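Let the hints inform the model, and build the full structure from the sequences given.
Protein chains in written order, with the numbering used here: chain Z, 1 to 402; chain L, 1 to 280.
In case anyone wonders, no lab produced these hints; they're calculated from the structure. Please read all numbers here as calculations on a predicted model, not as lab measurements. Every residue gets a Cβ at the ideal spot worked out from N, C-alpha and C, and that includes glycine. Wrong hints could be hidden among the right ones.
[To be verified] Quick look at which bits of chain Z chain L covers, simulated, 3 or more residues with Cβ under 8 Å:
1) 56-62
2) 124-132
3) 211-224
4) 231-243
[To be verified] One-sided excerpt, in silico: chain L residues whose CB lies under 8 Å from chain Z:
5) Leu6
6) Ala8
7) Ile114
8) Gly115
9) Ala116
10) Ala202
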Amino acid sequence: MTVDSVPLLRLPRVLSGSAALFLFLFSPAFFAAPCVAAGRSETLKIGVLAPLSGPYAAGGTSFVQAATLAVEQANSEGGVSGQRVTIVVGDTQGRVDVAKSEALRLVSREKVSALVGAYLSEETVGVMEVAAAERMVLIVPVAATAEITDKVRQEYDRYRYVFRVGYSLPQWAELIAAFLSDRKVGRYAFVGAGIRWNRELGETLERIAAPHGITPAYTAFYSPGNPAFDTVAVAAAAASPDIVILADPGRNSVSFLKRLRESAPTLPALSVGGALGDARLAASVPLTAPVYVQAAAWRGLSPSATAYVERYEHRYGAPPVGYSDTLPFDAVTVLVAAWRTAGSVESAAVVPVLERGAFPGVAGTYRFDAAHQAVWGAGPAALQGTFVRWERGGARIVFPPR
Amino acid sequence: MLLDGLFAGAAYALMAAGMALILGVVKVINLSHGAFFTLGAYVAYALAERGVGSPIAAAPIAAVIAFAFGVFLGKSFVNPVRSHPFALTVGTLAFALLFEQAAQIVWGPHPLSIGAGAPWIGPGGLVLRRWGVIAFLSSAALLGGLKWVLSARPGLPLRLIAEDEEIACSLGMDVETIRYLTFGGACAMAAAAGALLSPSGAVTPTMGRAPLLLSLVVVIVAGMDSVAAIFLLSIGLGILGNACAWFLSPQWSYVALLVAVCLLLSARPAGIVALAGRRD
Numbered sequence: 001m002t003v004d005s006v007p008l009l010r011l012p013r014v015l016s017g018s019a020a021l022f023l024f025l026f027s028p029a030f031f032a033a034p035c036v037a038a039g040r041s042e043t044l045k046i047g048v049l050a051p052l053s054g055p056y057a058a059g060g061t062s063f064v065q066a067a068t069l070a071v072e073q074a075n076s077e078g079g080v081s082g083q084r085v086t087i088v089v090g091d092t093q094g095r096v097d098v099a100k101s102e103a104l105r106l107v108s109r110e111k112v113s114a115l116v117g118a119y120l121s122e123e124t125v126g127v128m129e130v131a132a133a134e135r136m137v138l139i140v141p142v143a144a145t146a147e148i149t150d151k152v153r154q155e156y157d158r159y160r161y162v163f164r165v166g167y168s169l170p171q172w173a174e175l176i177a178a179f180l181s182d183r184k185v186g187r188y189a190f191v192g193a194g195i196r197w198n199r200e201l202g203e204t205l206e207r208i209a210a211p212h213g214i215t216p217a218y219t220a221f222y223s224p225g226n227p228a229f230d231t232v233a234v235a236a237a238a239a240s241p242d243i244v245i246l247a248d249p250g251r252n253s254v255s256f257l258k259r260l261r262e263s264a265p266t267l268p269a270l271s272v273g274g275a276l277g278d279a280r281l282a283a284s285v286p287l288t289a290p291v292y293v294q295a296a297a298w299r300g301l302s303p304s305a306t307a308y309v310e311r312y313e314h315r316y317g318a319p320p321v322g323y324s325d326t327l328p329f330d331a332v333t334v335l336v337a338a339w340r341t342a343g344s345v346e347s348a349a350v351v352p353v354l355e356r357g358a359f360p361g362v363a364g365t366y367r368f369d370a371a372h373q374a375v376w377g378a379g380p381a382a383l384q385g386t387f388v389r390w391e392r393g394g395a396r397i398v399f400p401p402r
Numbered sequence: 001m002l003l004d005g006l007f008a009g010a011a012y013a014l015m016a017a018g019m020a021l022i023l024g025v026v027k028v029i030n031l032s033h034g035a036f037f038t039l040g041a042y043v044a045y046a047l048a049e050r051g052v053g054s055p056i057a058a059a060p061i062a063a064v065i066a067f068a069f070g071v072f073l074g075k076s077f078v079n080p081v082r083s084h085p086f087a088l089t090v091g092t093l094a095f096a097l098l099f100e101q102a103a104q105i106v107w108g109p110h111p112l113s114i115g116a117g118a119p120w121i122g123p124g125g126l127v128l129r130r131w132g133v134i135a136f137l138s139s140a141a142l143l144g145g146l147k148w149v150l151s152a153r154p155g156l157p158l159r160l161i162a163e164d165e166e167i168a169c170s171l172g173m174d175v176e177t178i179r180y181l182t183f184g185g186a187c188a189m190a191a192a193a194g195a196l197l198s199p200s201g202a203v204t205p206t207m208g209r210a211p212l213l214l215s216l217v218v219v220i221v222a223g224m225d226s227v228a229a230i231f232l233l234s235i236g237l238g239i240l241g242n243a244c245a246w247f248l249s250p251q252w253s254y255v256a257l258l259v260a261v262c263l264l265l266s267a268r269p270a271g272i273v274a275l276a277g278r279r280d
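As structure tokens, this is what we get:
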């Protein structure tokens with residue numbers, strides 16, 4: 001007997017196709033964070049926390065790409081005592097609550113051996129609590145708030161598992177002040193997204209730059225979701241600064257710079273922590289005045305930096321921006337090196353190794369101080385980073401003087 | 001500040017024109033309108049990658065593509081589901097999210113950017129905001145054209161359907177076809193706006209969200225009857241937002257703008273055109 005296959009509810013073919021596509025795109029599988037873990041017991045897992053959706057998705061994606069590259073390099077060098085290393089990613093969405101719940105998921109369900117992240121300072125402070133409660137090593141690549149290292153200093157026993165490879169705000173401000181001094185800047189405008197690290201960096205820079213005779217002419221922060229660029233760009237230009245410092249790690253940095261160029265075509269700009277390290281974005285901005293970018297490392301800064309840039313470019317088809325990718329790469333590299341030295345992934349064994357060791361990375365050699373902050377600055381043993389200037393055909397390193 | 005407000009308002013008006021058309025004729029809240037703005041920007045980017053750097057050349061191509069998509073969406077989804085307004089609104093939102101995800105898959109989450117071109121520097125070193133001027137002129141032309149169409153003979157079916165669908169049907173008009181063609185036309189307007197303004201900022205999957213909200217606000221407050229009211233209110237909100245950013249803080253501009261809208265709506269729920277006694 002044959003059965004008539006006419007369905008009770010008939011959907012137009014084109015709609016049924018659309019429905020299938022809809023169901024796929026909105027299925028949990030589609031939205032699930034990319035998971036690199038192989039799930040084998042002999043695999044060592046690193047939990048990586050980064051925003052893969054929301055306003056900071058671009059930075060978060062670079063973060064994960066760099067971490068992936070770092071574990072691939074570690075595995076090509078034999079892994080850790082013969083064990084392969086993988087990453088398991090948690091999408092923080094740029095939100096504190098999500099960052100904390102993802103950190104808990106990575107620790108309790110994915111059984112990671114250490115955490116790397118998060119991206120924003122707000123998220124990272126939340127993740128610190130999870131790391132402290134679980135007594136798990138947390139390497140902080142980019143979040144710069146002082147609260148992270150202050151907690152380690154003040155409550156060492158609780159937070160001793162937390163180490164930061166990225167610059168602290170005072171270190172960051174020192175690097176910027178040294179660059180501004182080198183460029184003979186007297187007055188600057190500080191603008192950016194109204195998020196925590198920007199505000200704290202603005203305040204810290206004002207304090208640290210003052211002894212150099214460098215003062216702010218204008219300071220403003222715009223909402224990352226609905227930025228009011230026009231007024232900020234006009235007001236920044238009207239304050240007649242020598243340079244505009246643009247602190248925005250997201251997509252708004254290029255939009256703001258375009259608006260600024262329309263208001264003040266000859267006003268130099270310095271992008272810190274932003275997407276303007278991307279050559280494709282920089283190429284779309286009129287270079288009627290210098291556009292500088294601060295980066296942890298850049299092609300040509302050192303052999304290891306050049307090798308990293310070439311590897312990244314070969315793998316992902318575009319060069320790294322030098323900040324939200326380079327520091328996560330180094331965070332994973334430092335962690336793996338500490339595991340190798342300790343001969344274990346247990347926090348009790350790894351923490352003393354991180355406290356006492358020196359770990360080579362792309363940006364230089366990392367050493368941690370008593371607050372578990374990597375030593376950046378102008379000292380001979382310090383990591384310095386670099387400042388580049390975009391020109392037609394590429395970027396040129398302009399600071400530190402070479 | 002006034003000039004920048006004018007330019008910002010013109011950008012809102014570009015989006016609001018299409019939104020008003022859909023709300024007036026199709027009588028649905030189309031939350032996918034911002035996705036068509038984004039589509040236009042990505043079309044402009046794709047063309048710029050292939051050597052067509054002018055957004056003025058990209059706008060008609062983007063409009064044609066968006067019209068085709070809009071007609072498809074209007075015919076296959078909006079018209080059949082139109083009698084269930086809540087489901088339709090959620091459906092258009094789902095389409096917008098679907099488009100954002102698709103854009104992220106195709107172009108990635110990283111912001112893209114089209115060359116903004118050198119600034120226009122006039123006599124005496126006066127710098128003109130190129131993309132502000134383009135937004136203002138495009139907006140004036142688009143809204144002027146829409147006003148002309150609506151007031152002339154070709155716009156009669158649209159006016160009649162907006163006024164009373166039953167009468168339009170009784171006169172033998174193919175209301176269903178006019179609805180989805182109008183939907184497609186409005187989507188084309190949004191895409192043209194996205195293509196025209198794409199070099200002024202970054203091209204991202206979610207770039208259509210803020211213009212969608214602002215255009216919705218403009219249409220709700222100005223009402224759908226008067227194209228001139230839409231244009232003037234857009235300009236007014238642009239100047240208000242800029243004034244708040246200038247005198248208070250940039251972070252307050254958006255809040256102040258929405259507070260002003262809430263106050264206006266609480267005073268005149270039917271929209272500001274009612275202030276002049278034209279409708280209630």
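Outcome of the hint check:
Only when three residues or more bring their CB closer than 8 Å to a CB of chain L does the claim for the segment 56-62 of chain Z stand; here the count is 5, and the claim holds. Counting residues of the segment 124-132 of chain Z whose CB falls under 8 Å from any CB of chain L gives 0; the rule of at least 3 is not met. Under the rule that three or more residues need a Cβ within less than 8 Å of chain L, the assignment of the segment 211-224 of chain Z holds, with 4 such residues. With 4 residues having a Cβ less than 8 Å from any Cβ of chain L, the segment 231-243 of chain Z passes the three-residue criterion, so the hint holds.
About 10 Å separates the beta-carbon of Leu6 of chain L from the nearest beta-carbon of chain Z, more than 8 Å, and the hint is not met. Checking Ala8 of chain L against chain Z by beta carbon gives a least distance of about 6 Å; that is within 8 Å, so the hint holds. The beta carbon of Ile114 of chain L comes within 6 Å of a beta carbon in chain Z, closer than 8 Å, and the hint placing it at the interface holds. Satisfaction of the interface hint for Gly115 of chain L is found here, the shortest Cβ-Cβ separation to chain Z being roughly 5 Å, below the 8 Å cut-off.
For Ala116 of chain L, the interface hint holds, the least distance from its beta-carbon to any beta-carbon of chain Z being 5 Å, beneath 8 Å. Interface hint status for Ala202 of chain L: upheld, as the beta-carbon distance to the closest one in chain Z is roughly 5 Å, under 8 Å.
When each numbered hint is compared with the structure, violations occur for hints 2, 5.
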